[in-house]
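Sequences and hints are given; from them, build the entire structure.
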Amino acid sequence: MVDNIWTDFAQSYDAICSQLNCYRRMVDKILRDTQGCETVIDAGCGTGLVSQALVSRGLSVVGFDNNPGMLALALRKQAARPVEERRRWTVLEGDVRSFPPGVPALADAVVLNNVLFYVREPEEVLRESLAHLRPGGRLISAGPRKRPDLQKVMTKSIEEWQAEGRWDEALQATTAYHVDLTRRLVTDPNEMVTFFEPEALVETLRRLGFSRLIAADNDDYYGENYYVCMAR
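Position one of the sequence shown corresponds to residue 1 (the UniProt record's numbering), numbered consecutively onward.
Derived by calculation from the structure, the hints in this document are not laboratory data.
There could be a bad hint or two in this list.
Simulated pairs of lysine-lysine, DSS-like, Cα-Cα distance not exceeding 25 Å [to be verified]:
| no. | residue 1 | residue 2 |
| --- | --- | --- |
| 1 | LYS152 | LYS29 |
| 2 | LYS77 | LYS152 |
| 3 | LYS29 | LYS156 |
| 4 | LYS77 | LYS146 |
| 5 | LYS156 | LYS146 |
Below, the structure written as structure tokens:
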């Protein structure tokens, strides 16, 4: 993983993903499938967008990431929350291949949002996730099924923004910068290295010890991404 691309990417990722309706719909699924949970690990938490949504719903969240640019934004979000929410939100530095100290040993859920695509040995991450889940705990993974069709995602998103009256100059400028960085990631053979169809990920999780399928589809990002939730 080329750190400088991801450090540069952090600001535009945070600005754009928070506005993408397709991203918001994916977060809604995560909120749906963590209902009844108390403690969630947001592994590879990025800028903390998913962590913040979970904390706002009343959950306790431990998020961690290995990129300084992403992590700085997550820490900034955490510091800006009300005191009660800050108490329930921990942000750490760490790698998804070996969860850092301070991560709960028996969490109710582990979220891997847009994480597995940059891991060459995804089963290593999935086993680590399983080891940190209580019996019945849930793993939620979302990510690209293939190298994303960036033009498709952004064209459809812009159409939605225009229909909603949100396609202003500021969003246009942020989108242009984001698309340029994303194109570098999408075309770099050393970056996006692992993709899943939902059925293949479900099969892999069953083999590793997960037993109950809760949700699986390939609807996210206008058909570009998978979403899988399974319980151990």
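Outcome of the hint check:
no., hint, result
1, LYS152 / LYS29, "holds (22 Å)"
2, LYS77 / LYS152, "violated (30 Å)"
3, LYS29 / LYS156, "holds (20 Å)"
4, LYS77 / LYS146, "violated (31 Å)"
5, LYS156 / LYS146, "holds (18 Å)"
Hints 2, 4, counting from the list given before, are not met by this structure.
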